[in-house]
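A.B. asks: Take a look at the letters that make up each chain.
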Amino acid sequence: MALTHHDERTTDVSRQHAELAELAEPAEPAQPPTAGLASQSAIDREIERIQADEAASGLTRTQSRLDFAPYRSSLLRHPTKDLHHADPEGVELVAPVFGERDVDPLEADLTIQHDGEPIGERIRISGRIVDGDGRPVRRQLVEIWQANAAGRYIHKRDQHPAPIDPNFTGVGRTLTDDLGRYSFVTIKPGPYPWGNHRNAWRPAHVHFSLFGTEFTQRMITQMYFPSDPLFALDPILQSVTDPAARDRLVARYDHDRSEHEWLLGYTWDIVLTGSHATRMEQEGDDV
Amino acid sequence: MSDQHTRTATPTRPYAVPGVLVPTPGQTIGPFYHYALPYEGGELLVPPGTPGAVQLHGTVTDGAGAGLQDALLEIWQCDPAGRPVQRQGSMHRDGHTFTGFGRVSTRRDGHYSFTTLEPGPSAPGRAPFVAVTVFARGLLNRLFTRIYLPDDTDALAADPFLRSVPEDRRPTLVAAREPDGSLRFDIRLQGDDETVFLRFPRQEL
Ligand SMILES: [Fe+2]
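These protein sequence lines are chains W and X, in that order.
Basically our numbering = 1-based index in the first sequence + 755.
Basically our numbering = 1-based index in the second sequence + 357.
Careful: at least some of the hints might be erroneous.
Residues from chain W shown here face chain X by an in silico Cβ test under 8 Å; the list is partial [stated by the list, open to error]:
id : residue
1  : Phe-823
2  : Lys-836
3  : Val-852
4  : Arg-877
5  : Arg-879
6  : Thr-971
No lab work stands behind these hints: they were computed from the structure.
Backbone N, C-alpha and C fix where the C-beta goes; we use that ideal spot for every residue, glycine too.
Make the full structure from the sequences, and use the hints.
C.D. replies: Here you go:
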């Protein structure tokens, strides 16, 4: 059945488009008219002000701010009340189990899903996933999705007039090994424009979806490539207001993982939040 | 690990806990996840028509009351006996294995629907609930909440977590039993009747 799934993934791009056409149209066009949109320099000033205020407060946030107006879509979509403290209980203290029944090993290579080779720089992205106590997250699901080398997604709502690559879908899945390691072969995605403000461009990135050993560690994030000139201009990356915290989203070029006449290696390690189950056991042991 | 995740933390920074690695930041799921994360059968934890199957559905809305067409919900729950399930197969349902995990994207109007079994209480004195994670374009990190089952009002009244929530906000955590037997649970990201979202210990958010 795993192979069946892989076969499904190798459907041609036009059929995927037909399926995606059934998705709802966006409420606003992906690239609305520029009238009324803020300029990049206005966005830059907003970001600067928030980050300066936060630096002055002495409170270093290590996560993205939910309330971050320079990312316009967040205005109506962030909670305004404090998150409520909850001690995880029952099902929250474990995570869903995924395994060979769920994931085909071939899904970790995004360059072999079609008849031909995708266009772009072939790369490997690999690293380790650990929890907040440094313990490897073993045999757990990792999912990625990304634009092609031209900055175009296989998605109905992506209106960017860049070419679709018939040999690249941009979706991968894998399971970590017993040391918490993962590895994907793909092509380097391109930057792409979006409608947040005038002349807004996302730095090249790969979306990552991660599970830990308990449900409280569930997270989705984005991985960036080193030295991208768009970093400072991007409200989504800058919603992580602390520079050291932002660096944790940037992979490093790793020549030891590059392969002779074949691909370039990037390493990106991921830390999930601390788990609770073991800690409670330890506390129980002390009693 | 790389030196990006140092083990030392400055004690004057309340979000960093000494001796603990600093977690990688979460980021928004963005608008383009539809072709990557939802999968066939993701919303069907059991096939419709299974004895005990219930439809769990509702709408995800923003601060203006508009439905989100690009929110992804995941649920994770105990089985009817109150036991967490630890079985593979959530991504390729075999039609009879209950894995306790489901994933669905909202539709154009913000509506979502799962078909599942009702979880039992995980411990005596605890009201049964379904754990939920919310992802969306415009939401810069995931949010956690819980869907409590509405029927056992004594259990709801006695539950220690629910008692910790201000009484006027408690109803946002409890599903409504619809006349057709389904469970309705709306998620409001912002506003006066905003859903109660959770912060677990050891988490900044
Ligand atoms: Fe993206």
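A.B. asks: For each hint, tell me whether it holds in the structure or not.
C.D. replies: Hints and how they fare:
1. Evaluation of the W/Phe-823 hint against chain X yields a held restraint, the C-beta minimum of about 6 Å falling below 8 Å.
2. Interface restraint check: W/Lys-836 against chain X, minimum CB-CB distance 5 Å, threshold 8 Å, status holds.
3. Of the supplied interface hints, the one on W/Val-852 holds, with its beta-carbon coming within about 5 Å of a beta-carbon of chain X, less than 8 Å.
4. The beta carbon of W/Arg-877 comes no nearer than 20 Å to any beta carbon in chain X, farther than 8 Å, and the hint placing it at the interface is violated.
5. Given hint, W/Arg-879 at the interface with chain X, is violated; its Cβ is 16 Å from that chain's nearest Cβ, farther than 8 Å.
6. The interface hint given for W/Thr-971 is met, as the beta carbon of that residue sits about 5 Å from the closest beta carbon of chain X, less than 8 Å.
Violated hints, listed in ascending order, are 4, 5; each of the other numbered hints is respected by the structure.
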